[in-house]
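Novice: These are the residues of each chain, in order.
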Amino acid sequence: MSRANAPLRVRRGVAERRCIVMRGLGAAARFVLATAPRDVIGEEGALRGSLLLVVAIACAAPFTEAVAQTAAREPVRLVPFEVVDQAIPRPLTDTPGNAERGQRLALDRSKGNCVTCHELPLSADFQGNLGPPLTGVADRYEPGELRLRIVDTKRINPDSNMPSYYRVEGLNRVRRDWAGRPMLEAQEVEDILAYLLTLR
Amino acid sequence: MARRAAFLAGAGAAALAAGLALAQAPGPAPEPHRTITSPESGRNYATPETLAIQDDDFQNPAFLWVEEGEQAWNHPAGSAGQSCASCHQDATASMRGVRARYPAYNAAKGRVVTLEQQVNICRTERMGAPELRIDSRELNAMTAFIGLQSRGMPMNVDISGPARPFFDRGEEFYNTRRGQLDMRCGSCHEDNYGRSLRADLLSQGMSNGFPTYRLKEQRVISLQFRLQGCVNDVRGEPPAMGSEEFTNLEFYLAWRAQGLPVETPSVRR
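Top line first, the protein sequences correspond to chains A and B. Counted the way numbering that gives the first Met the number 0 counts, the first sequence spans residues 0 to 199. Counted the way numbering that gives the first Met the number 0 counts, the second sequence spans residues 0 to 268.
Okay, the calculated beta carbon distance ranges per label pair:
id, chain 1, residue 1, chain 2, residue 2, range
1, A, Asp84, B, Glu130, 57 to 63 Å
2, B, Arg163, A, Asn156, 30 to 36 Å
3, B, Ile120, A, Pro79, 52 to 58 Å
4, B, Thr36, A, Arg103, 42 to 48 Å
5, A, Phe125, B, Ser135, 29 to 35 Å
6, B, Arg163, A, Pro142, 48 to 54 Å
7, B, Gln217, A, Thr134, 37 to 43 Å
8, B, Pro153, A, Glu144, 48 to 54 Å
9, B, Thr36, A, Pro157, 23 to 29 Å
10, B, Leu200, A, Thr94, 37 to 43 Å
Listed below are several chain A residues computed to face chain B (Cβ distance under 8 Å; list not exhaustive):
id, residue
11, Pro162
12, Ser163
13, Arg174
14, Arg175
These aren't lab readings, by the way, just hints derived from the structure by calculation. Heads up, the beta-carbon is just placed ideally off N, CA and C, and yes, glycines get one too.
Bound conformation, chain A alone (with noise of 0.2 Å):
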């Protein structure tokens, strides 16, 4: 049974209609942008990327907690999966992971993000030390076990300081406007998994 596909209860809350009703004003998007923390993580290319989200930050800040979290949208339904000896053996999708692509989300502050906190064999202006160097990852690894660290690598260790790429579920507090949905899609996991096979 995989846990990352449970429904969710979760319900559309006022606050929610209101920022329809608010979609498209541009007045509120610069607010976000210019107040918007950027550090870390670095949701710089996320917030440009979507105006869409930009409104739905804007609507979320004037409420209280409570609405806040019962407004959260529905959970994004999550491709089956299996796990079988800390492994997901079968991809998550029919089309082959893409390398190239991979690698770009891998970089990709608002993606993977990966070399927040791993060194990668490629050219960055910074790279990350809390996760191990993943040159050579390939070859200490099956592809099924690669794929399962991405998509959840707390069933591996439950302490582990990776995020979940690909869960939606057993999740604290979400910022709203990436509430119910998994930080990489189905698609995305496989072309970084492709990216991984490269690093031997």
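Position chain B against the provided structure of chain A, taking the given hints into account.
Specialist: Coordinates of chain B only, in the frame set by chain A:
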């Protein structure tokens, strides 16, 4: 017969409850455990360039705020026509050591208050002046000015007695994973200080330098503004500045930094 059994069971339960109450009530709560036993100030993780700015009061831009705070200290505000100085006189004497003791339990309020909140209590309840917004320029100026009067003194908050439940709630917030990244404060500031998160060298997340001049923001920021940033970074829903949750967290953070010298106003990247 049955009634007698019920009576006995009831009496037993009452005795048990009394015993439990006895076991819980007396004696101070046990001293909490500090994960980092010898804390290090964020200055140990700052670059030499940043420190050079902090260590020279003429270069440190936060002193513009300090000056504004000093002016406001002496300037009457509100319907009572009083200034802070009317009651507290010379801040270098009356405010010495205050920043090191805050947040502190306020008996009249029955809860812990931050320095910001205490300033607002005096404004609203004694001066007839409006509250200043948390993290506003005026309030950061005042807390920078008050904080400076404790510079070099060791952080020394009192978490005993009625303050303890607030401390416990702050500790719980600190240790709870949150956000889409599902991290605790300690995921970065206890497990990984000294390591890099892209361009950021992680410190122990100590609060002894606040309010601080943040080079990136080009202004003095309050601690709770920084905390909102940290919660946002794990894609968590940040509590409001001035909320009870952040007040308790700030209280816990002050205790984590216990013994570190107050560095207000520090400079950070």
